[in-house]
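If you read the sequences in order, they're chains A and B. Each residue of the first sequence is one higher than the last, beginning at 301 in our numbering. Each residue of the second sequence is one higher than the last, beginning at 22 in our numbering.
Because the hints were derived from the structure by calculation, they are not lab data. Any given hint might turn out to be false.
To be verified - DEER-style ranges, computed between Cβ atoms:
#1 B:250 - A:361: 51 to 61 Å
#2 A:401 - B:451: 44 to 54 Å
#3 B:98 - A:461: 25 to 35 Å
#4 B:502 - A:468: 46 to 56 Å
Heads up, the beta-carbon is just placed ideally off N, CA and C, and yes, glycines get one too.
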Amino acid sequence: MSIEVIIFFLVAISAIVSAVLMVIQRNPVKSVLFMIVNFFCLAIIYLLLHAQFIAIIQILVYAGAIMVLFLFVIMLLNLGDESLLKEKANFRKMIAYLLSGVILLELIIGIILPPNTFLQTQSPEAVKIGSVEAIGASLFNNYLLPFEAVSILLLAAIVGVVVLAKKKFK
Amino acid sequence: MQDKFIMFLSLFKFYTRDILFLSQKIPNLSSILINIHTNMNTNELFAIAPIISVTTLSIIVLLIESLIKKSERLSFGVTVIGLFVTMYFSITTFELSGTAFNQMVTIGGFASIFSVLFSVAALLTVVFSKDYLQKENANFGEFYILILFSTIGMMLMASAADLILLFIGLELMSICLYVLAGFFRNRQSSNEAALKYFLLGAFATSFLLYGIALVYGATGTTNINYIIQNLSNMNNSLFISVGIGLILIGLAFKVGAVPFHMWVPDVYQGSPTPVSGFMATGAKAAAFSAFVILFINSTSSEIKTVLILLSALSMIAGNIIAIAQTNVKRMLGYSSIAHAGYMLIGLAAANQLGRDGILFYLFAYMLMNIGAFGVISLIEANEEKNLQFDDYKGLGTKKPALAAILAILMFSLAGIPPFAGFFGKYYIFIAAVNSNLTWLAILGVLTSVISVYYYLKLVVAMYFKEGEEILFSKVSPLSYLVLIAIIILITGIGVYPSSILTILNQIP
Numbered sequence: 301m302s303i304e305v306i307i308f309f310l311v312a313i314s315a316i317v318s319a320v321l322m323v324i325q326r327n328p329v330k331s332v333l334f335m336i337v338n339f340f341c342l343a344i345i346y347l348l349l350h351a352q353f354i355a356i357i358q359i360l361v362y363a364g365a366i367m368v369l370f371l372f373v374i375m376l377l378n379l380g381d382e383s384l385l386k387e388k389a390n391f392r393k394m395i396a397y398l399l400s401g402v403i404l405l406e407l408i409i410g411i412i413l414p415p416n417t418f419l420q421t422q423s424p425e426a427v428k429i430g431s432v433e434a435i436g437a438s439l440f441n442n443y444l445l446p447f448e449a450v451s452i453l454l455l456a457a458i459v460g461v462v463v464l465a466k467k468k469f470k
Numbered sequence: 022m023q024d025k026f027i028m029f030l031s032l033f034k035f036y037t038r039d040i041l042f043l044s045q046k047i048p049n050l051s052s053i054l055i056n057i058h059t060n061m062n063t064n065e066l067f068a069i070a071p072i073i074s075v076t077t078l079s080i081i082v083l084l085i086e087s088l089i090k091k092s093e094r095l096s097f098g099v100t101v102i103g104l105f106v107t108m109y110f111s112i113t114t115f116e117l118s119g120t121a122f123n124q125m126v127t128i129g130g131f132a133s134i135f136s137v138l139f140s141v142a143a144l145l146t147v148v149f150s151k152d153y154l155q156k157e158n159a160n161f162g163e164f165y166i167l168i169l170f171s172t173i174g175m176m177l178m179a180s181a182a183d184l185i186l187l188f189i190g191l192e193l194m195s196i197c198l199y200v201l202a203g204f205f206r207n208r209q210s211s212n213e214a215a216l217k218y219f220l221l222g223a224f225a226t227s228f229l230l231y232g233i234a235l236v237y238g239a240t241g242t243t244n245i246n247y248i249i250q251n252l253s254n255m256n257n258s259l260f261i262s263v264g265i266g267l268i269l270i271g272l273a274f275k276v277g278a279v280p281f282h283m284w285v286p287d288v289y290q291g292s293p294t295p296v297s298g299f300m301a302t303g304a305k306a307a308a309f310s311a312f313v314i315l316f317i318n319s320t321s322s323e324i325k326t327v328l329i330l331l332s333a334l335s336m337i338a339g340n341i342i343a344i345a346q347t348n349v350k351r352m353l354g355y356s357s358i359a360h361a362g363y364m365l366i367g368l369a370a371a372n373q374l375g376r377d378g379i380l381f382y383l384f385a386y387m388l389m390n391i392g393a394f395g396v397i398s399l400i401e402a403n404e405e406k407n408l409q410f411d412d413y414k415g416l417g418t419k420k421p422a423l424a425a426i427l428a429i430l431m432f433s434l435a436g437i438p439p440f441a442g443f444f445g446k447y448y449i450f451i452a453a454v455n456s457n458l459t460w461l462a463i464l465g466v467l468t469s470v471i472s473v474y475y476y477l478k479l480v481v482a483m484y485f486k487e488g489e490e491i492l493f494s495k496v497s498p499l500s501y502l503v504l505i506a507i508i509i510l511i512t513g514i515g516v517y518p519s520s521i522l523t524i525l526n527q528i529p
């Protein structure tokens, strides 16, 4: 068993455990902290897949910026009595259980049944395309126009937020 | 003013310092930058001139808004002039063909026609919204900026040759429309419309994105032409069909076809009235452009069945529910569902005439519907008054000019000759008959007969009923001018439909 496989199993197990803990926590702040753990585990899995760029982005954007936002919102909202969040068993909940059961079954079948061969080994190309240089080069060559369009998209979102949040009506 | 300018300069300095720092750190960066210079030539920039023109315009208006006080009039003027320039560029690029930017965008022809359509729609919306915003004491330049940004998104969608660009265009358009729907922050219905549109829209966009991801996973590319050409000899057919199905759902949501129409009436009713007009025409036309790019040449019988179902359901449900409405904006919302159904017939027909019919219909529909929403926005009084059918009683004597214009628009929407709406439907029904969908064409004719009832109900209320005195606000001469131009155009297109059709025939 190579070191990569051992790391993978360690990280995967802690990712699953933290995800489950995040869902079953009563206290929203604790729940968010477990989510951070989960995001870090995912980042390591991305690294194992040789996707350095996505791994860094995962930590910077999700574990960094978005989680801070989550924490702030939860602390500002002051959710108070968590027992109110408890839901009684009802029809909707039954459907939710059913659907998650079906998805679990699907995943198990997908793993047990003989998978396509191309999923089993990682091609050497994957190592190349995951690097920051390769992503930068393709962003500024092939995908130059979509890249610029995304910058407009972000600008539009900023203008939209300012309009919705700051504009003073008479 | 001065301190803002200094701030701007320091920001600029910051960026240049940043780039210099980066170029020292990363040796590859300089080579990448040189690559950009060699890869881009001015021809390609000219080829997407309409998009560049709107983008520049929106940035100029953004700068005007942030640097100059009391800038609403200036922003309005610059926006109108800039949109005329965009229209000019759209027409001059019509002759071009092929793709640009590494097969990211198609240029000329189809994309240019749609660029003309979007810039006209944006222009009309901007003119009507000026009166409307002044009436509501909310004449902010940001409104025009958001309209321009969403126009960029629409143009990107219509000229996309790559699924990534299609998605980015759709997002750009939608995000601006979510904000515009909730522009009146202190109005409950506007908030409701924005939230509903945002949540359901984000849901639909995720469908589209999953579809694109599946198609990419199965084919290994996002290039639309390549995918369409090699669709028959692909192995992972399950992934592809699920992916295409999800893309279809995402787009059907955007055009508001039944059963993905739930958001339409509420959003059109709650949004500021000119924005409703823009959504009903611009956003719908953009989604249809994507539909045409992806599905017009499809030979698959499953896709055809789905399109037929969507179109039949939309025509029936849209027209029948519209009868029961008492709010004029809501009525137009349901009628726009029905119009989406008519255009889907052209798509299901999947032939040359079907495509031209859709384009013709989109042009006619854009003029009629923005005009109708425009008249409604002029009649509407503060705090969403004057929007019920009862308020339109006796309008023929109180506001004869507006009533006459609205009546013509209603006739055209109902598809009564000699107005443009009639020929739009005519070409689409012919296309359906040509590809053995006669029953669908008959269904279309029958449902348009139903639609005559609720369109004429408004005309009857205006001319043959007595109503109470209601308050009107001042209508600017510019709005009248634009309305008259719309009437001339829809009558002109209706009398000489071949003028448009010969242009559409030139598109390869």
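Now the hints, each set against the structure:
The given range of 51 to 61 Å is broken by residue 250 of chain B and residue 361 of chain A, whose C-beta atoms sit roughly 37 Å from each other. For residue 401 of chain A and residue 451 of chain B, the Cβ-Cβ distance of about 51 Å falls inside the hinted range of 44 to 54 Å, so the restraint holds. For residue 98 of chain B and residue 461 of chain A, the Cβ-Cβ distance of about 26 Å falls inside the hinted range of 25 to 35 Å, so the restraint holds. For the hinted restraint 46 to 56 Å between residue 502 of chain B and residue 468 of chain A, the CB-CB distance of approximately 32 Å leaves it violated.
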